[in-house]
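Residue numbers (our numbering), protein chains in the order written: chain A, -5 to 368; chain B, 16 to 177.
Worth flagging that the hints you see were computed from the coordinates, not collected in a lab.
As the structure is a computational prediction, the values presented were derived from the model and not from experiment.
In this text, a Cβ means the ideal position worked out from N, Cα and C, and glycines have one as well.
Hints should not be assumed to be uniformly reliable.
[Claimed, not checked] With the Cβ distance kept under 7 angstroms, some of the chain A side facing chain B (calculated, not the full set):
#1 L67
#2 Y69
#3 L70
#4 G106
#5 A107
#6 F114
#7 L123
#8 E201
#9 I207
#10 G209
#11 C213
#12 L216
#13 P218
#14 L221
#15 P222
#16 G355
One letter stands for each residue in the lines below.
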Amino acid sequence: MELLIDFIQNTGFAMADYRHFVMIGVGLIFLYLGIAKHYEPLLLVPIGFGILVGNVPVFKGLGLGIYEKGAVLNYLYFGVSKGIYPPLIFLGIGAMTDFSTLLARPKLVLLGAAAQLGVFMTFLGALFLGFVPSEAASIGIIGGADGPTAIFLSAKLAPHLVGPIAIAAYSYMALVPVIQPPIMKLLTSRRERLIKMSDPREVSLQERILFPIAGFLLCCFLAPAALPLLGMLFLGNLLKECLVTDRLARTARTAVVDTVTIILGLTVGASTQADVFLTAKSVGIFILGACSFMVATAGGVIFAKLLNVVSQDKINPLLGAAGVSAVPDSARVVQMVGNAEDPSNYLLMHAMAPNVAGVIGSAIAAGVLWSFIG
Amino acid sequence: MGGFSAISAANGWLIAALGISVVFFGLLSLAFIVSYFPRIIAWWNAHAKAPKYFVPLVKSLISRPRVKPTSSKASVQSVEPGELDDAEEALRLLTAHMGEPFKLPRLIEVAEQRGLARVHSTINGLLVRGAMVGGPDGLFRWAIGSESKSDPEGAEISSGST
């Protein structure tokens, strides 16, 4: 009988408290959003399941928890805590990304820069709320709407906040179709939303090959701390575009990125153990994260409107919203909002330019913050 | 600590202002360079073609002393049979000092130092005539009984042999 009681006391049911069930609820919501609503399923499903894994109560000292040395999950989490996975994901992103629209219309790159306003405004907001500078910088980068970048910077500056920051970043990225449209509509007139973009020029192979080399050298000389992310991004893109390393490019955009995404999603999810995650700081991070997405969206749209004031060649200001990276979701949202006003207006292709510029911009922003505060 | 004093204490205003400026400058520079890509590539392509014009030009300059072939069995060199005999005699004198067998590059070098005209053509003519023969060891020697024979056809070298 005593043995049975011991066994029952050692089960998860006996050890769980309400926080575990709250987090399991969060994990189930992630799974629901990913599977039923198709919001970033490749990320939300592993993260959601990871949250379930991380919130099954276990005995401390058995080497099961993600924060326990020697645990399998701890070994896998090493890639997160040391910032190894994000550059590998950037390699895959580079091998998937077509920069042609950016090359065809370089002006749209500036929208990717304007959207980084969210990063720095959130950084100030976090400092205002009492976060220390390293935490504030890690929270600010949520506004870059780039999960790997957010994980990379927080792993470097505030490792104890990797879980909440990653969850906030990926949650809001998944919720881009919900967060962005009201802001886009609020800041633009119907007439502006109806602006049609002219067809981009054809981009030569030589330009596409030259871009990752020139882009890498320029960006990394400017912000060397962005080297791990941008180096891998541009390497992946060069593998894709140079046509002689097709096998490597294919591996980078399939096997490598898929493997890393599974491990990253699982471990980030598992790092949200109730006792670590459910804190006042996490609540603050979520509030600031939402604000950063809104400011980033508004920054891009307003800057697009400003460009229209000084430029002859008008651009649809909705494209500014794609400046927050969240590739390709924010570009899809631009297409959706533009299409709702005029079904014959196709903005997706044009929105990819600020979208991929946003990836570069957020990596530079992370590099800048790391070099200032790290 | 929080509020504006926390921002000021952490140099927040400066970091934010510098940060957004660096991001803008970086992407602005990128946009600027990217906008010049077509011109840079056009320039590169134009200059990359230069060797295609340059190489034939150089070839034509190098081959200027040569006589244009007039037939399939035309003489590439303008070495007259009499000249070839004289040149053979001169070369034999040189090789007498060098000893047989001899290395062809060394013979050419010595002959050029002595001011012999068109050394390569002459040696080529002698090889074709059979006056000079190569051995399996890569060294050359004079053919037995071939001394200074005058052969009008000897100087004619098929274009394929040059």
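Verification of the supplied hints:
1. L67: violated, 34 angstroms
2. Y69: Check failed: Cβ of Y69 (chain A) comes no nearer than 35 angstroms to chain B, outside 7 angstroms.
3. L70: violated, 32 angstroms
4. G106: holds, 6 angstroms
5. A107: With Cβ-Cβ at 4 angstroms, under 7 angstroms, it holds.
6. F114: Result: holds, 4 angstroms to nearest chain B Cβ.
7. L123: Status holds, d = 6 angstroms.
8. E201: Since chain B brings a Cβ to about 5 angstroms from E201 (chain A), closer than 7 angstroms, the hint holds.
9. I207: violated, 11 angstroms
10. G209: holds, 6 angstroms
11. C213: holds, 6 angstroms
12. L216: With a minimum Cβ separation of about 5 angstroms from chain B (threshold 7 angstroms), the hint on L216 (chain A) holds.
13. P218: violated, 12 angstroms
14. L221: Nearest chain B Cβ about 13 angstroms off; hint violated.
15. P222: Result: violated, 16 angstroms to nearest chain B Cβ.
16. G355: Check passed: Cβ of G355 (chain A) comes within 5 angstroms of chain B, closer than 7 angstroms.
The structure fails hints 1, 2, 3, 9, 13, 14 and 15 (numbered hints given earlier, in ascending order).
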